[in-house]
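J.: Residue numbers (our numbering), protein chains in the order written: chain A, 1 to 113; chain B, 1 to 114.
No lab work stands behind these hints: they were computed from the structure. For glycine and all other residues, C-beta sits at the position ideal for the given N, C-alpha and C. All clues given are correct.
Covered, in the sense of this in silico footprint (three residues per stretch, anywhere, with C-beta under 8 Å from a C-beta of chain B), are these stretches of chain A:
#	segment
1	36-49
2	87-98
3	101-112
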Amino acid sequence: KQEVTQIPAALSVPEGENLVLNCSFTDSAIYNLQWFRQDPGKGLTSLLLIQSSQREQTSGRLNASLDKSSGRSTLYIAASQPGDSATYLCAVGTYNQGGKLIFGQGTELSVKP
Amino acid sequence: KAGVTQTPRYLIKTRGQQVTLSCSPISGHRSVSWYQQTPGQGLQFLFEYFSETQRNKGNFPGRFSGRQFSNSRSEMNVSTLELGDSALYLCASSFGGRDSDTQYFGPGTRLTVL
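The task is simple: from the sequences and hints, build the whole structure.
T.: As structure tokens, this is what we get:
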């Protein structure tokens with residue numbers, strides 16, 4: 001059974017700092033991995049998707065990496081800003097499971113001015 | 001292009017009632033998935049519909065059901081509501097066929113059961 005874990009559960013950093021969020025999964029037979037952002041009481045916003053054949057994806061100040069063999073993904077945020085404050089969720093899709101995503105519990109990020 | 005829309009945004013019901021939630025996917029998307037989000041359990045997969053057929057189902061009781069129409073719009077129904085059904089219900093849409101398919105989420109329906 002696939003399990004997804006995110007560490008740390010919460011993180012507080014000063015503005016301008018570079019930071020890394022971690023995601024681990026127990027079954028390496030994944031279809032893809034997605035990172036999402038969720039603001040309080042809102043839906044999820046897709047940040048990056050990494051296909052199983054890829055090692056990383058970049059969008060602006062965000063870079064996500066994937067290492068299937070070790071069951072890990074990281075989300076790197078450069079030059080953090082207060083507007084980056086939100087909960088970040090990673091989710092994995094697995095073969096023969098259609099659109100089903102299995103989510104981690106999320107990392108709540110607070111960027112202080 | 002328009003995003004995923006969910007109606008209603010907020011609902012208050014009492015135990016024993018039933019409720020129907022609606023999700024309109026992004027135009028061209030054929031897959032709609034439903035998730036329940038609670039503070040204790042996080043995001044849990046309910047079911048997925050693709051071209052009007054249920055393609056996958058999570059571990060929820062039979063009180064939770066859904067359907068998809070020919071225009072890909074989907075509805076989720078919960079019968080005999082319990083206090084524990086209070087949650088944010090999210091739907092997501094995608095093309096549904098490739099590992100490059102990003103899932104796009106709607107704003108959610110906040111259900112409160114009293």
